[in-house]
Every structure is written in structure tokens, then in C-alpha cells.
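**Q** Residue strings, one per chain:
There are 2 protein chains.
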Amino acid sequence: MQTLKERILKEGKVLGPGILKVDSFLNHQIDPAFTLQMGKELARRFAGAGVTRVLTVEASGIAVAMATALALGVPVVFAKKKKASTQQQDVYRAQVYSFTRQEAVEICVTVDYLSPQDTVLIVDDFLAHGEALTGLVNIVRQSGARLAGAGVVIEKCFQRGAEKLRQEGVRVEALAAIASMEPGRIIFA
Amino acid sequence: MQTLKERILKEGKVLGPGILKVDSFLNHQIDPAFTLQMGKELARRFAGAGVTRVLTVEASGIAVAMATALALGVPVVFAKKKKASTQQQDVYRAQVYSFTRQEAVEICVTVDYLSPQDTVLIVDDFLAHGEALTGLVNIVRQSGARLAGAGVVIEKCFQRGAEKLRQEGVRVEALAAIASMEPGRIIFA
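As they're listed, the protein sequences go chains A and B.
Going by this note's numbering, the letters in the first sequence line up with residues 1 to 189, in that order.
Going by this note's numbering, the letters in the second sequence line up with residues 1 to 189, in that order.
Since the hints were derived computationally from the structure, they do not count as laboratory data.
Treat the hints with caution; some may be incorrect.
Copies of one chain are not kept apart here, so a pair can be met inside one copy or by any two copies together.
[To be verified] With a Cα cut of at most 30 Å, we get these calculated DSS-like pairs of lysine-lysine:
id, residue 1, residue 2
1, K82, K10
2, K81, K40
3, K82, K21
4, K81, K13
5, K21, K81
In isolation and in its complexed conformation, chain A is listed as follows (with noise of 0.2 Å):
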């Protein structure tokens, strides 16, 4: 998506290895007309899937996950994180490793929102490691739910997240996806 490359290119920063930092439109101000647009490219790419939901995890895949699912004509689902010694019930439930805040965190989902009638389209943020989605493509597959895919705004290629998803089958769509960046220099794939 060329609008969004612009604006990586102009308003984003990489703060030293592997972080690049979007703040001004995606991971704490957010654009609401521009997410929109990236929402309607996300629901445009699996236009033919037959997504029932749109699920992914708070807090920054909220606002495009939205967005996607309002072009979708479908509810969204986001994953809640708690500490890792929930005991509810009734929840599907994955670790997930965070490595910008270097902790794991266990993501929740009620049974009432995924169930094998659906079919599951996955969105967030970003794309890196690819933890936070793992964890997502494990409570669809525990809810029984057909996966459509994971779209994501941007995929960090080098950091190998979506190629591993990729071997499991998972189709990934990234609006954009950045092959390498260091300080000053983003190279697109």
C-alpha cells in the first residue's frame, strides 16, 4: 500500500535494532480516516474468504482490526491479556512472548465469540516475531473456527514471524513489509 509506505517513510523511526517506531498514526496517536483506507485494502485482500470474524489482540490491532471489520460487514474480537495465572473458565487461552516488553502474557478469549461455524480473519499492528499471531492462530484452532489468514499493516521480514506462519499454511498479508531498516534507511521488500 503505497500511501502507508509514504508515511513509514516520513513519519516512522527506528530506534536501534529491529524497532521501528510508528506512533504518529498507528501505536498511540491514530489516523481514523487512513486506518479506514487500510482496513478497506485488509478486507479487499480476503474479499473472497468468507470471514465471519475479525480477531486480534489489545491494544494497537484494535483501530485497524476495526476497520477491516466494518468493511467486512463482521463483529471483532480482541484477544484480552491478562497475567499468566487465570484460572477463569470457559476461555481459549495461548502464551504469548513479548519481546519489546520482555515478559510473557497470557491472551483470552470467551467461548461465545469463536465458535467452528466461523471463519477467522486474524489483523494486527504489526508483524515481527510473530508470538502475538501464533498465539491468535492457536485459539482459532482451539475454537474450531476455519482460518482464513492474518493480515497485518507491517510485516518486519527479517524478523521471520510471518515466514513461519507461512510454512504452517497460514496465507499472511502485509500492507507493507519492510526487508531491512536502521537508523535514518527503511527498505521495503
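Since the structure of chain A is provided, determine the placement of chain B on it from the hints.
**A** Chain B only, in chain A's frame:
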């Protein structure tokens, strides 16, 4: 907002004292088209206020904040929750106690995204004891921005958060205000 009250009556579950679960369209699953309607209504109520930014806190406020900001044609900023030990520079921060989680967290907004030139509308899903909103008001005041007010989806009047904010001069608008509730019985104000 009549359609919202109907959904609360139909889908809401009162779980013990003071806890209303509306997971099916607001807190865990999101109905995107309905969320856009709620955002439009909040935007309408603050139409003349010169709002330049919508401020919320992750995670369940993000969808309705985005819908409100879309209708107003302005960006959303969402405060991030961190453990209270964060030493990051260049952020406005406030301590917030969560009655649901029974712990204090720090919420932060990078200084880049709120300035004395802004007029801020705070948006959130719930207004109960007012802890989160009071933290957000505190952050707006630190930034020197003007506060247009706070718009929430559901106010639980009996938990007095809105009353406290109004006494401090904050304009508060709720799409549905609940005077009292017990399992099977929700009374609007």
C-alpha cells in the same frame, strides 16, 4: 441513545455488585457499525467545542474513541498502561487505580501528541468510579490543552465518578446512564 439502551437491556449481564458485562458489542466483541453510530452521537454532542484531538486509554475505549474522532475529523491518542516503575522521559503520566483488576497502573501519553494548542475530548467505554477519566483529565491539564469534556458510552451513576468530574467543572456526556442495577434488572437514569 435509545438503541444502546435496548442493547444493554438485551445483551448486558449484571455480575455481582456494580459489574455490568457488555462483552458482546463493547468490551470484548465489537460491533463496528454500531460503534460508528455511537461515535457519531458523541461527536454530535461536542460538535461546537472545537475539538482537535480525542483522548482515550487502552484498550476497550479505543474503538469508540476512533469512531468519535472519525466523525469529528481529528486524530485519536490512546494513553498506554504501564507498570508504575516506568522511567521513560517526555511523557505526561497519571496513576490510575483499577477496581476491576484491583491494582494501580500508570497511564502515559508522549508529549508530542498533546499540546497547549489542543482542545481535547476524552472518550471511554465506561464511567464508573471515574479513576481512568480522572487520570486522563490530569494528563490533559499537564499538557496545557483545553478540555472540551468527556464522552462515555455507559455511565454507572451510582458509582459517582461522573458526579465527581462534574463538580470539578468537567462536562460529561453519557450515551446511556444507569441509575441502578441488579441481576435481571437495569434501571436507566
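**Q** Take the hints in turn and mark each one as holding or not.
**A** Comparing the hints with the structure gives:
For the identical chains of this complex, K82 and K10 are inter-copy neighbours only, at 28 Å across copies versus 35 Å inside a copy, given an alpha-carbon limit of 30 Å. Taking the closest pair of Cα atoms, K81 and K40 come within 30 Å of each other both inside a single copy (27 Å) and across two copies (29 Å). For a Cα distance limit of 30 Å, the shortest separation of K82 from K21 qualifies both inside one copy, at 25 Å, and across copies, at 17 Å. In this homomeric assembly, K81 and K13 come within 30 Å of each other (Cα to Cα) both inside a single copy, at 27 Å, and across copies, at 22 Å.
Taking CA atoms no more than 30 Å apart as the test, K21 paired with K81 passes in both settings, with 22 Å inside one copy and 17 Å between copies.
Comparing the model with each numbered hint stated earlier shows that all of them hold.
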